[in-house]
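Take the sequence shown: its letters are residues 1 to 260, numbered as in my numbering.
It is worth saying that the hints were derived from the structure and are not from the lab.
Worth double-checking, as some hints may not be accurate.
With a cut-off of at most 20 Å between alpha-carbon atoms, the simulated PhoX-like pairs for lysine-lysine come out as follows [unchecked claim]:
| no. | residue 1 | residue 2 |
| --- | --- | --- |
| 1 | K257 | K61 |
| 2 | K49 | K252 |
| 3 | K187 | K47 |
| 4 | K77 | K196 |
| 5 | K196 | K47 |
| 6 | K252 | K61 |
| 7 | K252 | K77 |
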Amino acid sequence: MKANWKMALLCLATLAMVACEPKDPTTNPTTDPTTEPTDYVSPIDVKDKTVADWEALDPAKVAVATIAAEPYWSGLKQLKVYADEVYIYYLLEYDPAQYTSHTSVDVMHVYFDLDNSDETGGFFDEFADAAADIMLEGALYDDAGNAISYMPTPYAWKGNQGSSFLPSERNVNDWEADWEQAGNAVKGESQFVGDKYIEGRLLVDLIPGTFNAEQFGIGIDLQQNWNNIGMLPQLDAQGDEGEFIGRTNMLKVTFDKAAK
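Whenever a hint applies, use it, and build me the whole structure from the sequences.
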């Protein structure tokens, strides 16, 4: 009995020591940057095969870019973006008549102006403010043609802010020289809804770099075999024959800090 009593005290002391030790933030799900907070309630379900959740959002907190009347790339019809301090949510409406090839080289790029400043970044290839700090690149399908979650690789801008007027005027090596890999895959989830929408979200803490606390810029292009078929935001094509892309600034998104 005495031996058991001493053992019980020893166990209690051990438990007390463990309880008093500070938790490792890398294993605490409330602070681990690879996971969302345990009390987080997602306003958008990216696995339910519907986009109805977007109707419940405050329209004033959703940034929208819509296709121009005569765009250079017409495969994307509309882009909606909503961001709280945990995830950036996006909803893309695409043209199924143009988005027909479903392989691992049919990628999507997401560009971020993290600091909301055109004094940093670049990529005048697509955006008038040439302010892209980070590019995410990833496939929406595997080699067998199965839809997969968008979990892109991040690349940081390292080139000059200026570049050729048309992307076709630059060769692949020039384009690749402007970006360098910035880290491991960003945590993302996505779904196709019908033959019309791509809906997804990206975990803010795993996007390299520091976001402006209030607002950031974003742009998205959709590619087939590494060639753009759609890009937003985008204005009407310019030139006598519409041969020049209608560059405009990246879409501005304000964080919804009131979200729970």
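Verification of the hints:
| no. | hint | verdict |
| --- | --- | --- |
| 1 | K257 to K61 | holds (10 Å) |
| 2 | K49 to K252 | violated (27 Å) |
| 3 | K187 to K47 | holds (15 Å) |
| 4 | K77 to K196 | holds (10 Å) |
| 5 | K196 to K47 | holds (15 Å) |
| 6 | K252 to K61 | holds (11 Å) |
| 7 | K252 to K77 | holds (18 Å) |
The structure is inconsistent with hint 2 alone, although it conforms to all the rest.
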